[in-house]
Every structure is written in C-alpha cells, then in structure tokens.
Amino acid sequence: MDRRHFLGSLGAAAGASLLPACTPTDRLPTPPGRLLGSSSEIGHRLRTGNIPTPNETRRVPVLIVGGGIGGLSAGWKLNKAGFRDFLIAELEPETGGNSRGLQTPAGPCPIGAHYLPLPGTQAVAVRELLAELGVLQGDPRALRPHYDERYLCATPQERMYRNGLWQEGLWPQIGVSEDDRRQYARFQQLMATYRQRQAFAVPMVLSRRTPDLLALDRLSMRDWLLAQQLDSPALHWYVDYACRDDYGTAIGDVSAWAGIHYFACRSGEASNAEGDTVLTAPDGNAWLARGLAAGIGDRVMSGALAYRVVDAGRHMTVDLWLPAERRSLRIEAAHLIWAAPLFLVPRVFVGHEKLKLAARKFSHAPWLVANLTVSALPAAGAGAAMAWDNVLYDSPGLGYVVSTHQQMRLHQGAAVLTYYRALSGQAPAAAREVLLQRSREEWAEEVLADLAKAHADIRAVTLQVDIALLGHAMSRPVTGFVWGGAREPFAVDSPRLRFAHADVSGLSIFEEAQYRGVLAAERTLRRLGVRFTSSLV
Amino acid sequence: MRFLMQQALLVSVFVVASCGLAYELIAAALASYVLGDSVTQFSTVIGTYLFAMGVGSWLSKYIARDLIGRFVQIELLIGVVGGFSAAALFFMFVWAPEPFKLMLYFLVFILGMLVGLEIPLIMRILKRDLAFKEVVSQVLTFDYLGALAVSILFPVLLVPHLGLVRSALMFGLLNVLVALWALWLFRAQMPTIRWLRGQAIAAAVLLLGAFAVAGEATSFAETQLYADEVVHAESSPYQRIVVTRWKDDLRLHLNNNLQFSSRDEYRYHESLVHPGLATLPGARRILVLGGGDGLAVREILKYPQVEAVTLVDLDPAMTRLFSSAPALRALNENALSSPKVTVVNADALVWLEESRERFDFVVIDFPDPSNFAIGKLYSAAFYRLLEKHLTETGLAVVQSTSPLYARQSFWSIVTTIESVGFVATPYHALVPSFGEWGFVLVGRRPYRSPDTYPVDVRFLTPALTPSLFEFPKDMARVEAEVNQLNNQVLVRYFEREWRHVIR
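In order, the protein sequence lines correspond to chains A and B. Heads up, the first sequence is in my numbering, so the first residue is 1 and it goes up one at a time. Heads up, the second sequence is in my numbering, so the first residue is 1001 and it goes up one at a time.
Mixed in with the good hints, there may be bad ones.
[As the list claims (entries may be wrong)] Here's a subset of chain B near chain A, in silico, CB distances under 10 Å, partners left out: (1) GLN1239; (2) ASP1347; (3) PHE1372; (4) ALA1373; (5) ALA1380; (6) LEU1385; (7) HIS1389; (8) ALA1480; (9) VAL1482; (10) GLN1484.
Keep in mind the hints are simulated off the structure, nothing from the lab. Everything numeric in this text was worked out from a predicted model, so none of it was measured. The beta carbon of each residue, even a glycine, is placed where N, CA and C say it ideally should be.
Isolated chain B (complex conformation) (with noise of 0.2 Å):
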C-alpha cells in the first residue's frame, strides 16, 4: 500500500507539473494575444510566475500540520483558480480592460505560489518514507517530465483544438482530480475527509460545467478579441463586404482589405473633401466616385451651398448597407437618405464616359493602383476624362496613396495629372488606421489653401492646412513618370513600394 502510494504521488506530481506550466503557458500567450509584443508578456508573465513560485516554496515551511489536507485545498485552489484564469482574464479583457494587466499579474502571482506550494509538500509527504536523495530525484524528474509534455502538447493539440480557454479548464479538473484521487488514496489518514470530498466535488462539478458552455461562451470572447464582433457580411458580385465592431469602433472591410475605421475616418474624409471645397463658396453640383460609404457625402452635405450630389458607386448592396444599417446611418449622418444625394449604381468609368454633366467638385476614392486594371483609373487617359466633367473653376481631388511608403507611387499620380495640363497640387494628412495618407487636388488654377473651414470639422484647422502641403523629407517629391495606359508605370511604381514596406 504504501508503495502504491508512493508511486500515485508520483503520477500526481507529473500532473501537478503539468497543470503548472500549463497555466503559465495560458496565461503569457493570453496576455500576448491580447495586448500584442508576445516576446514582453511571455518574458514578464513567466517572470512573475516563477517568482511567485519562489514565495510559495518559501511560505510552505510554515505549513505545519495535515500536509496531505492541505496539499488537496492547495490542489483544488489550483484546480478552480486556474481552470477559471483563462476564461476570467478573457470577460474581463472584453468588458473591463482598465486593470486588465493588473488582474493578469495578480492571477499569475496567485497561480504561480500556489503551484510553488505544491512540490515542497509532496517531497515532505514522500520524505517520511524515502531517502532525501529518492525523492528529490524522483519529484523532480516527473516534474520536469511534466513540463515537457504540456511544452508539447499546448501548441500542438491543446491551443489549436481546445483553445485556451478550455485548455485550462482542463487542466484545472485534472488538479482537482488530482485531489480526488489523494483523499481516496489516504482515506486512512485524513481526519476532514468527508468536507473534502464535498469540496472537491464541487470544485469537479463547477469546471466540467464550465468547460460544456465555455464552447459558446469564449468563441463569443474570442470573436470580440481577435477579429471583432462581425456585425454584417455579405457577399456582393463585386466584392465581400464585412462590417465589424469592436467596442465604439466600426470598421468596413472590403475584399479583407479595411476601408475605414470610424475611429479615424473623419480624419481621411475631412481631409478628403475639406481642404478642396472649402475653397470653393460657389460650389453648387458634386461627383463622388466611389465612396459608397456615404462618409465622403456627408461632409460635403456640411456646405449648404451645395445644391446635389451624385454619388456613383458600383455596387449596390454597399449604399443599401450604409442607407439602411442605424449603426452606418448614424456614422454617416444618414446622408444617402439626403434629397440633395443621387445614388447611381454603375461602374465609374462607364458613368463618366457617357455622361455630359459638369461639376464644381468631384471627389474620387478609387482603391489604390495596385493591379493594371486600377491603375488605368490613375492614368492620364483618366484625367483627361475627368477634364469633360470639371467646371472652369472646379476642383476634384484624388486619393493618392501614402507619399510615405509608396513615394514614387504618389508622386507619379502628381506628375501624371500635371502632364495633361491641370494644375495639382498635393498634401497629406495622418489617419492612424492606414498611416500616412496622401491626396492630389486637380484644377485649371493655382490652389490657394482655405482661411477658414466654415463647416464643423474635428481634425483640420486653417492653422494646421498648410502644414499638410509640406512635404517632409522622406516623402518629398521624386522623379517619376507619367502614367499612361500604354506603360502602367504606376503600377510597378506601386507593386515594387507597397512590396518593400510589408516584405
């Protein structure tokens, strides 16, 4: 029997160990999943929980008494505290981020005294039968036997199967069946047993619960922490169209690449639009191409000069989206819904080209040239068109890129405008989302920045616009060819920058 003993306590250590790394494995890979730069919360997660080890080894000498009762609450704390870690800093990420590290800290400190408790109280268990020399050979080999299976076992089959939250689950029932199986093997010795055992069961029950609703429960957390709250998706003929929502902020992806995120999007809009009309008083008939957002639209509605807007989108369930979903409407101040807003679902080109209408402002917003159908939308050929459709004194303004990591690219936009005989003029602004953003004014006229912005804008003030006309030194104006149909230099301008900045 008291071998039998010996060598369950063993085991036990093995899934003692286990359980230990696992938690701290959890817990650093939560924490970098959540708060990014994996290399600090691994370092400092394991830093703080082998400490914390230390001050449980060390408070275990004043355990006196009953150490087979005390090592099962140890093992059941263990058990419910750790089984519950993942889950609980997950709820409290999405809900409550505030102390979000503090908590992480806490729950790690308190984990990793409690498994630092473990292993000195085994050995002084098994010391009363084995040479010093025995045990200490024998725990620590299974217990670093144990490490190395979870070592395996979590990136392999635990955290892509299980998911964190599950996995510790997981290993918390196994703590507690760890305790389970230590009152049952000294039943003879525990003089608590029955309260115990009442306890363990409970502690059995409450995380076999848990891990039965923790599928929905933390796939819900996990959609919120990974790729957001997917509030709407479909799928167009021309696209895929998916809206998220993470707390406040609304993003729109078109084809996985973001379009916008309605924490910045006032900056790129208002840099779009504003810098452009402003100058314009007499403003009366705008063009909008693409932009089925609405976002561009309602800033141009902030002018009560102007008189219509025609926004031609292609894809129609786009301007539904954002003309029926309150969120969207609120975001773009239900401006499809404006009797001064035309909505024409065509292709852009196709509109243009038969069209005769001209305008006093038009804002395009074509997705960036990164392939020889899109590019031909920057070339000089374009620009020619869209000459038809600019008043005298009309402005359009284009979206050019970023001057900073596509530098050429911007720059061979400016050149490609300038060589049919419009006067551009470029600036850029800062949207956090997609980094430093350029945009080119096209007119028949010198541009002469506003000296106030008569409309209720958040980012731009007549101070700072002039400052978006300067160009630093890393995106100042470099040598670059026209664009034409019969070249496509953007393109390869474009490929070969956007190439070296994601590698």
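If we strip away everything but chain A, and leave its shape as in the complex, we get (with noise of 0.2 Å):
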C-alpha cells in the first residue's frame, strides 16, 4: 500500500548521505572557482589615463555606449523600427550587464538579475518583448495575460530559514509575537492602500507625484515605519530584507519613496498563475538579454571602452579603446545614446558641468554574486522544501536561489546556488575597497560559512564557487535622490545625446533600463524621421 511513497524524499537524503559528508569540514581547501565581474581593471584607466590615441575615425548615425539591458532595449528598437545603422559599444566580452549569465559544470546560472516580475498593462515594451519571446501568450495588453509556464517560477518560489527551521515564504510566520503579526499586516494594508491608489508605478515615470508622495522620497524608509509606528524587529528584517535585495541599500538609507515602491508597484496579473509569481530561469535574466539581442549581435562592439566624449556641434565624437587590438577609435556619431552607468559621466564627458554635477550625485551600491556549483542539493534541512529562493534570516547575505528549479528531472542532480550578497553595513567606497581587496578565496570561505548557518553539509557537496565581484552594481535610491533633482538632467531629451539606463530611473531593475533603453531609441528615431510605433504607449 505505501508503493513508492516518499521514494523520492528518501532518494534526496539517501542521494546526499552518499556524499563524503563526515571529512572535517575544518580542513576541507576552499573549492576551485573563477574571480569574475565588470572588467574593472580596464575601467580603471579611466582615472590614470595611459590610453592610446585614436588611429581611425568612423562615422556612425547612432552610437549606443553600454550593451546592459538599456542599451540592448534601445538597439531592440531602432531594429524593430527598421532602422538597422547603428553601433553598441560594450566593454565586457558579452552584452546583458546585470543580466547576464554564466556557464559552469552544471549549466547555466545568472551572475545578476535573476527574476521578473510579472508586468502590468504600463509596462508596455516588457509585455512585448515577452510575447515577441513566446512567453507571454495572446494579447499582450490583456489584463491577465497566458504566461508560458516554464517560465513562471515553479512552487515553492520562497521560503526563509530561522531559529533552525526553514519557514514558507520570506515574512516569518513561526517564532514571531502577537504584536509583530499585527504590525505585518497592517504594513501590508499600508501597502494595498497605495497600490489601490496606483501611486507607485512600473516605469517608475508614470508614478503619481502629489506632494505627499513625493515628500516619502524624504525620509528613510526606516523612518518612515517608525513614524508609522511600525517597530517590529521581524518586521524591520523584513522590509529591510527587501531593500537590501532590490536596491543593495539598508533600510536606514533607503528613500522610503523607493522602499514603498517595491512594495506597492506590482501590479501584474496572469490567468495562469498568481499576481505574485515571477518569471524566472536557469540562467537568471539572460534569456531576456538575449532576446533583446537576437536581431542586432551583428551590430556590438565587444571590448571596447568609451573613454573621451565631446560634443562636436554637428555630432558627437567618442573615443573607444580596445585593448584587445592594443589601439583607440574615434567614432563620429549623429546621435549617441548613452546606456552605461552615470558614475562614468564625470570621467568620460568633456564639458557637459551640469551633467557631471549631476552624476556626482549619484552613488553605486557594490554586490557581490557567488555561484556555487553543487554535485547534488544540499540537504533540504527541517521544516519547508526547497525552494527557488532560500533567505537567511539575519545574515548579511540574501540568500540563494537554486538553478535548476525550474527544470523537470527525476533525479535533482547537480545544480548551481546563486548567492548574493550586497556590501550595505558602510558606505559604498569602503564597501568597494573591501570587496575588491579579499581575494576569491576569502569570499568563497565567507560565503560558504554563511551558508552553512543553514546547510550543514554545503561544503561536501560544493564543487566550484566562481565569485563575481560587481563594484557598481546599481545606482542607490538614498533618501532624497530619486526625486531630489539628481536624475532629472539624464531623463531629458537634447539634440545629440540621450542617456539610457536604470540610473536614470534611479531604480536598478530590468523594465526601467528596458523603458529608459526604448524611449532613448524613440527620441532617436523621432529625429531622424524614421517612422515607427510606440513600444510605450
């Protein structure tokens, strides 16, 4: 009677009793694994210069500077328009920048963006970019669109280990007071009441702007609980949870504007799936770079780097170096987008004051991504299964997600365990320095014992822990930025140059960078004469 039940709970535990799990882990060498990130040592120059001067000049209608999912969205555009001359400068050997992926022994694996929310009727271009990819089907304007189910994030999406057990979902639900309870679910009312009101929007432009809300950009979004007479601890760790998670910015630092935003943007449904499951893939969010990049590969420009920008009048001149071909080129272009991120701006432009004063506003959160190549799953531990997402309560980390979720298998075999980590304890320049000090094998050791908090057996099944070092991972919505005046010169439009990047929406997330990229791209073609329908409206 009890045929093959739970075969495949006791297949799990007996899959990894299997494994040499009762060496000392105390001697155990640290896992062999790449040091990878931005080429930041080629960036580097920008500050001591020593770069070649330009043997050859190109003239070029439109040159977009950054193959990140901005620049990719505006090349997107002006394809799908017809309009096929342009360029895409990329420094790293791959387009995608926060979106990309890795390869490793046990496939793919993100080293950024992992996850898309599921789009609401404003966010217009991603909807067509999902249906262009067969993952949304049918009309791409329904209210409740068909999603491809291999791409909605299988259950269970989340869960949280604390005090021992691993708890359903992020908000913890065992272990918490009367009084927490409370407290939670009138932060999540709070939050309805600002989704009913649709006061924070995704793109973040279409957000409503009276006074009270723009006044939220003001405080801290832990000020702003408190001021809501919201003190739960549990609560705090959460909201700061999501922060951290989104923005790479502590509670304490976080405009409450933003902060609420996350909480009270979404506003995607699915007729197959609830409003608040994700898209999601092995690889992360690549496969959304990728699709942006289908028509247009031909047209980028790898390994090179924009390093002098000057307005000539008649066009915009930019400097490329290549250092792979040991020589610079200088690029005549009618029009440029620019799809890097802005910190670059005071380094790269010539002239242009008010726009480095404006970008020396800015300030950059730096991350760190560990991929752990793991021969099996760790042990699911007591308490809730494995999910797609596994946060530590209390850990300096994020957590990890789990490669392989969303596949069908028989047998969970190898996998790879995305963790992240955002430097938000100090500020970003000692962060920075912090991150890029430790060698790959000091992080792998501290990424591993943090994980071991909760898997005790991670280090006998980790096979390869390759460690991405991101300096500048994303501009940090800090109290009073994201309305403070800051972003508002890069969002304009001007004869020759348009920016094109999350930073501009002051939001690092992939329908800002896709929204910024698109309306970049439509300016341009509007100025070229170049006729085409709206990917935004």
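Using the supplied hints, reconstruct the complex from the two chains, each of which is provided in its own coordinate frame.
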C-alpha cells in the first residue's frame, strides 16, 4: 500500500548521505573557481589615463555606449523600427550587463538579475518583448495574459531559514509575537492602499507625483516605518531584506519612496498564475538579454571602452579604447545613446558640467555574487521544502536561488546555487575597497560559512565557487535621491545625446532599464524622421 | 543440611517459575511475530499455557513415589522441550509452515503441563519438613517473584540481546542446572542417581551446543521471517536497490519502498499495459519511462506487432540487475535482452526533452508525487511535453497513485491531463501488495476498452475490463485543481491524503 511513497524524499536524502559528509570540514581546501566581475582593471584606466590615441575615425549615425539592458533595448527598438545603422559599444566580452549569465559544469546560472515580476499593463515594452519571445501568450495588452509555465517560477517560490527551521515565504510565520503579526498585517494593508491609489508605477515615471507621495523620498524607509508606529524587529528585517535585495541599500539609507515602490508598484496579473509569481529561468534574466540582442548581435562591438565624449556641435565624438587590439577608435556619431552607468559620466564627458555635477550625486552599491556549483542540492533541512529562493534570516547575505528549480527531472543532480550579497553595511566606497581587496578564496570561505548556518553539508556538496565582484552594481535610491533632482538632467531629450540606463530611473530593475533604452531609441528615431509604432504607450 | 535443602528448593522454585513464564512469553511473542495479531496470539498462547498448567497440577497427584527423582526428570524434560521450543517453532515456520499452529499449541500445552507438575511436586517435597501454611506461603512467594523477574528481563534484556531462540535455550539450561543441583543436594536419597545424572549432563551438553550455534542458525531463520532473505542489495548513485525473497515471493525495494511483489505484480503490470495496448493493433513503437525492472516491457513484448520498445530508466544498476540476475530475468522473461528492446540509462525527462521521436504507446511509471521535484512530472507542462511524443492515434498510460487512499490526488492527475486537451480515461485495479491502484489512459480520442485480449493474461478478462473503468462511490470523481508547476497542488493533496492514511 505504500508503493513508491516518499521515494523522492528518501531518494534525495539517500543521495545526499552518499556524499563524503563525514570529512572534517575545517580542513577541506577552498573549492576552486573563477573570479569574475565587471572589467574593473580596464575601467580603472579611466582614472589613470594612459590610453592610446585613436588611429581611425568612423562615422556612425547612432552610437550606443553600453550593452546592458538599456543599450540592448535601445538597439532592439531601433532595429524593430527598421533602422539598422547603429553600433553598440560594450566593455565586457558579452552584452547583458547585470542580466548576464554564466556557464558552469552544472549548467547555466545568473551572475546578476534573476527574475522579472509579472508586468502590469503599464509596462508596455516589457509585455511586447515577452510576447515576442513567446512567453506571454495571446494579447500582450490583456489584463491577465497567459504565460508559458516553464518561465513562471515553480512552486515553492520562497522560503526563509530562522531558528533552525525553514518556513514558507519570506515573512517569518513561526516564532514571532502577536504584535509582530499585527504590525506585518498593518504594513501590508498600507501597501495595499498605495496599490489601490496606483501611486507607484513601473515604469516609475508613471507614478503619481502628489506632494505627500514625493515627500516620502525625503524620509528613510526606517524612519517612515517608525513614523507609522511600525517597530517590530521582524518587520524591520523583512523590509530591510527587500531593500537590500532590490536596491543593495539598507533600510536606514534607502528612500521611503523607493522602499514603498518595491512593495506597492506590482500590478501584474496572469490567467495561469498568482500575481506575486515571477518569471525566471536557469540563467536568471539572461534569456531576456538574449531576446533583446537576438536581432542585433552583428552590431555589437565588445571589448570597447568609451573613454572620451565630446559634443562636437554637428555630431558627438566618442573615443573607444579597444584593449585587445591595442588601439583606440574615434566614432563620430550623429546621435549618442549613453547606456552605461552614470557614475562614468564625470570621467568620460568633456564639458557638460551640469551633467557631471548631477552624476556626482549618484552613489552605486557594490555587490558580490557567488555561484556555487554543487554535485547535489544540500540536504533540504527541517521545515519547508527546497524553494527557488532560499533566504537566511539575520544573514549579511541575501540567500541563494537554485538554477535547476525550473527543470523537470526525475533525479535532482548537480545544480548551481547563486548566492547574493549587497555590501550595504558601510559606505559604498569603503565597501568597494573591501570587496576588491579580498581574494576569491576569502569570499568563497565567507559565503560557505554563511550558508553552513542552514546547510551543514554545504562544503561537502560544493565543487566550485565562482565569485563575481560587481563594484558599481546599481545606483542607490537613498533618501532624497529619487525626486531630488539628480536624475532629471539625464531624463530629458537633447539634439544629439540621450541617456538610456536604469540609473536614470534611480531604480535598478529590468523594466526601468528597458524603458529608458526604448525611450532613448524612440526619441532618436523621431529626430531621424523614422516612422515607428511606440512601444511605450 | 535439611535447612540448606529447603532453601535450595525455594531457589529452584524461583528459577523454575522464571523458566515457566519465559517459555510462555517466548511462545506468545514468537506466534505474534510470525502470525501477526499479537493480542490474539498472546491471549490464546497464555490461555492454553495456563490451562495446561492446571492439567499438570491435576496430574501431579498420580506421582506417588520417588518425588525427587520425578522432579529431576520433569526438570530435564522442561529444559529440553522448553529450551528448543523457540528454535523448533522458528524452523518449523520457515520450512513447514502448514501445521505451525497445531505444533505451536501442542508445544505450549506440553510445556504448560510439565511446568504445572513442578510446583505441586516441590510443595510435596517440602511438606515433609514444613508446616502447610509455611510451604504455601514460601513456595508461592518465590513462584511469583520468579515470574516478576522474567517479565521485566524479557523485554529489556533477553529479546533485544539474546533473541527468542537463545533466550529459550538459556532458560532450558537453567532448568537442567536446577535438576543437576537437586541431584547433588539429594544425592543421599536418590536410588537411580547415576542414570539421572547422565541424562542431565546429556541435556546440558545438548542445550549448550545449541546455544553456541544458535546465533548463526537462528539469525538465518530470523532474517527469513522478519525481512525475508535479502538476495541482492546495492547502492547505486541514485538509490538503494534491495531484492528479497521469501519462498517463491521476490520483492524489489527501492530506498525501502516496495516496488513489486512477484506474487501479484502481474496484476499491476497487466493493468498498466493491456487496457491501452490491446486497443492498438497498429502499435509498433513503444516507450517506457521508469520501470527498469522490465516487467512492463514483458507485458508489451507479448504483442507480436510491436517492433521497438525504448525503456528509459535513469539507473544502470537497475537495468543491469534485471537483465542479469537469473531469478529476475525469469520474472521479466528476459525482456531486457530482447532484440526489440533498447535500454537508455538517462533521466526520462532529459531524454524526453531532447528526443524528437513519436510513439504509439507510452508507459509512464514514475514514483508517486510525494515531493515537489516529482510533482513536476505530473504537471500540465509534463503532459504538454508528452503530447509531442505521442502519435496521432497513440495512447499513453500514467500510473496515478491510489484513487482510494489518495482520491483527490488521483483526480487531480486526471484533471491535469484533461487541461492540456487530452482525453483522460481513468481506471483502477486491485493489487494486494499496494491496495486499490489507479491508472489514467491519455489520448486524443475517446477510448473504448478492448473486446478481447489477444495475449496471454492472468488477471484481466474482457468481461471484467469495463468494471475497471467504473469507480465505486468511495473513489468517485472529486473536484481537484490542475497541477501546474507554479502551484504544485498535487503534492499538497498527496501529502495531506497519505498523512491521513499513515497517521
């Protein structure tokens, strides 16, 4: 009568127990791996100079600097409008920016962004892309479209480890007081009210700008919570976790406007999933970057660092250093779409003092992403079953996602655990120094030690630890930043220059990067007199 | 000297009472081990034993002369019969199970009767020197103390450390020692001492020898009884594979879960294969996912029109075992060695995602959806993948857990199959090892059950088949959601329902 019952769970346990778990872990060498990240060595030449002068000049109608989601989206839109005369200059060997993926012995995994929430009806361009990729099926403007279920995050989506027990979801349900629960309910109610008012939108430019809402930007998320008499430590952990996870910024630094935006902006629905489901794939958001790049790969010049930008009146002059070719190239572009992070503007742009001043008001959060190739998933542990996103309470890290979660398999074999950590505990510059100072081994040890709190066998299953150091992973929406005026100069159109990066929104999410890219492309098309159908309305 | 003898006799009362209770407990425990239903076994064994003691006490009046000599003889008899009782019953059950119950109660009766003789005899021996009230008081005190000692030692020390067979032999030895001691104490009053001493020493040697070899001999018998004989055990990277045999019953366990019993697996595999395949006279290409035991393939190969069977099983250890071990090959009729069969050792899902082949009949024999990983193999996404591998007129069959024990789970699988546009035809069959078991036929057109089975079957008949598609009231369709990757309702149903069954 108990035929095959529990075979799976026993199989998983048996599989794990076959691993050499009894070896003394403190003597094991650090697993091997690669050190990855943005090409910081090349980038840092911007400070030291010492770059060859251009030996060739090329004319290009449209130059896009930066092949992250913003730049790729600009190229995607230009291409869709039938305008093919553009070039994308990307510093890294591959495009995709924060949405790049990585290959490991256990298959692909993300090194940055790993999910996309279901887009609401206002995220027109996102839906257009998803429909193009066949993931959104049917009318892309439907209130509740149907999605390809292979991309809808499989159940269970999230779990959280606290006091030796895994719990379903991120909000602690076990071991919290009645007061914690009441505060959590009230917090959710406040967020629901904001949602009903449609106060916060994606793209963020469509958010309501009433004085009471804009005033939220001048308050930190922590102060806002305290002003609502919300002081539960569990609730503060929960909100802080969300802020660190989305913005790389702690609850005490992040603007309440940005903090609330995270909780109150989501309006996406699906006919075949709950509204809080996210879209994901084994390599995170890399499939989205690939989708954007699909038709324009031949116009990407990788390994190219823009080190000097001058407005020459009739065109923009952009000097690109090509380290692999040991030379530089001058591009004279009728239109420049700057889709690289804005902290580079003061170092690269000549003149443009107003822009440089504004750019210096940005701060960028350093991140660490560790990809652990594991021979088998670590023992699931007591409580809720292994989920896609697995979060440790009171950890400096943000937990890990499982690369094989979307797969259908009889046997759960090797996988990649992508572990995230925003260095939000100290000022960005100091944190960046710490980030780059430590060796791969030191970071790998630190990550293993953090995960060992919940998984005693993590070392025994880990075969490889690839560490990606992202010094300027995203701009930080700190108190007073989002609506404080720093972004505005980059959001306006000008005759030859447009900015297309999530930094322009101040919120580093896929939808914002894509919106800024498409917007810059459409403005360019308009000036070029090319007819097109807007992807934004 | 007299006093010493009295004391010695009382000590022997203690020992004798211990042994008496021990045999009774051993017989009852053994009966409940091998026959099950411990309440009944304990009740009837103890009842028989006490009744036999009464018979023994009544018979004691017929012993008139040479009380001590008779006592010694009875002790020796109890020692040998009681000492070997557990071993005899064990081997009896293993090799000649038919008259086991008769033998059990016969032994219990003989032992009870002999033990019933002991106490009256001792009382009569003591009565020669003590007042009646003293005799009764002292003998019964030691009698009950002995019983107390054993009732505590039996579960705490004896069964866990010695096992039933050696416990019995040890008590037999104690009886013989009491006899020898009595012979020594009363050597002056014994006319036939030499002859009796010879018997006692022989009994002691016999019991000691048996005790020495009992470890191996009985553990052999015990394995046969408790867990059957393990004929094959190995740990592959994927699972623990154990094959046991008990008489003609071969059983396969994967990670301690019973996969089949050779006594009734034909019911399962016939039900899995024939209702579908018998309606497909044109079926040439067959796919089997899971089922590395080759038993479903055995059924499939009965159809002469079948040209190619692809068996995808992850574990090479499984398919190797079932294509090499003689007993298992006999069971699957050498199915895995058939030239028509291609064995692929790969994850069925990886294989299915990569393959572009289409099949006329697909057998899906996955484990029950007891966790989220396996729950995905019963999702709408999986059936959409299956759709790509099924020919226009093809059928698939899905083992779908028990519609009785996991009713909503079963109907959730049916609903899920329907949700992707298939015609789902659920049916069920009784497989005693598992209980009432469920299957779902998956196709593009309405299904009609076969009028005949063109092959040799033991369980199915065309007349019976329509009844398999009828669901009695307690298994009838219930509302159930579609199992999607992003809701995994099936695992939640299954967990709830099986928790209820197991408690």
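Taking the hints in turn, this is what the structure says about them:
{"no.": "1", "hint": "GLN1239", "result": "holds (6 Å)"}
{"no.": "2", "hint": "ASP1347", "result": "holds (5 Å)"}
{"no.": "3", "hint": "PHE1372", "result": "holds (5 Å)"}
{"no.": "4", "hint": "ALA1373", "result": "holds (5 Å)"}
{"no.": "5", "hint": "ALA1380", "result": "holds (7 Å)"}
{"no.": "6", "hint": "LEU1385", "result": "holds (8 Å)"}
{"no.": "7", "hint": "HIS1389", "result": "violated (14 Å)"}
{"no.": "8", "hint": "ALA1480", "result": "violated (16 Å)"}
{"no.": "9", "hint": "VAL1482", "result": "holds (9 Å)"}
{"no.": "10", "hint": "GLN1484", "result": "holds (6 Å)"}
Figure legend: structure checked against the earlier numbered hints; hints not met, in rising order: 7, 8.
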